[in-house]
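Quick note: the sequence shown uses our numbering, first residue 19, plus one each step.
Just so you know, these hints were derived from the structure itself, not from any lab. Just so it is clear, the structure is predicted and the values come from calculations on it, not from any experiment. Ideal Cβ positions, reconstructed from N, Cα and C, are used throughout, including at glycine. Hints are supplied without guarantee of correctness; some may be wrong.
Stated by the list, open to error - Ranges between beta-carbon positions, derived for each pair:
id : residue 1 : residue 2 : range
1  : E59       : M19       : 15 to 25 Å
2  : I22       : L69       : 22 to 32 Å
3  : S29       : A84       : 26 to 36 Å
4  : K72       : R42       : 11 to 21 Å
5  : L28       : G50       : 27 to 37 Å
6  : L24       : R46       : 37 to 47 Å
7  : V67       : R20       : 15 to 25 Å
8  : R21       : G50       : 12 to 22 Å
9  : E55       : K77       : 44 to 54 Å
10 : N52       : S29       : 23 to 33 Å
11 : S32       : A84       : 17 to 27 Å
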Amino acid sequence: MRRIGLVGGLSPESTVHYYQILCREYNRRFGGLNFPEITLESLNLQELVGLFEKNDWDKVGAALVAV
Numbered sequence: 019m020r021r022i023g024l025v026g027g028l029s030p031e032s033t034v035h036y037y038q039i040l041c042r043e044y045n046r047r048f049g050g051l052n053f054p055e056i057t058l059e060s061l062n063l064q065e066l067v068g069l070f071e072k073n074d075w076d077k078v079g080a081a082l083v084a085v
């Protein structure tokens, strides 16, 4: 089975929203007790905003790639 990678952390509310959508759609397609294998990585929004404010896009990219 394939595993879905989900990068969250901008807010818990948005992360859970995407997680629920993925689980519902997978279960709708495959039925029963089938749910996807998901790996969730959460990022620190405060750190990212600091990089945004400094226009340090190389570090933003590095943070995303490191996940």
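Handout entry: Cβ separation of L28 and G50, checked against the hinted range 27 to 37 Å
Key = Given a distance of about 32 Å, which is inside 27 to 37 Å, the answer is holds.
Exercise for the section: Confirm or reject the claim that E59 and M19 have a C-beta distance inside 15 to 25 Å. Expected result: holds, 19 Å
Practice task
Confirm or reject the claim that K72 and R42 have a C-beta distance inside 11 to 21 Å.
Solution key: Given range 11 to 21 Å: violated, Cβ gap about 38 Å.
Practice task
Starting from the range 17 to 27 Å, see whether the pair S32 and A84 falls in it by beta-carbon distance.
Solution key: Cβ of S32 to Cβ of A84: about 20 Å, so the range 17 to 27 Å holds.
Practice task
Check the following: the C-beta atoms of S29 and A84 are separated by a distance inside 26 to 36 Å.
Solution key: violated, 20 Å
Practice task
Evaluate the given range 37 to 47 Å for the C-beta pair formed by L24 and R46.
Solution key: Once the Cβ atoms are compared, 18 Å apart, the range 37 to 47 Å for R46 and L24 is violated.
Problem - Range hint 22 to 32 Å (beta carbons of I22 and L69) holds or violated - result: holds, 26 Å
Problem - Outcome for the supplied range 15 to 25 Å, where the beta carbon pair is V67 and R20 - result: violated, 32 Å
Practice task
Evaluate the given range 44 to 54 Å for the C-beta pair formed by E55 and K77.
Solution key: violated, 30 Å
Exercise for the section: Just tell me: holds or violated, for the beta carbon distance of R21 and G50 against 12 to 22 Å? Expected result: holds, 19 Å
Practice task
Starting from the range 23 to 33 Å, see whether the pair N52 and S29 falls in it by beta-carbon distance.
Solution key: For N52 and S29 the Cβ distance comes to about 28 Å; the hint holds.
Taken one by one, the earlier hints fail for this structure at numbers 3, 4, 6, 7 and 9, listed in ascending order.
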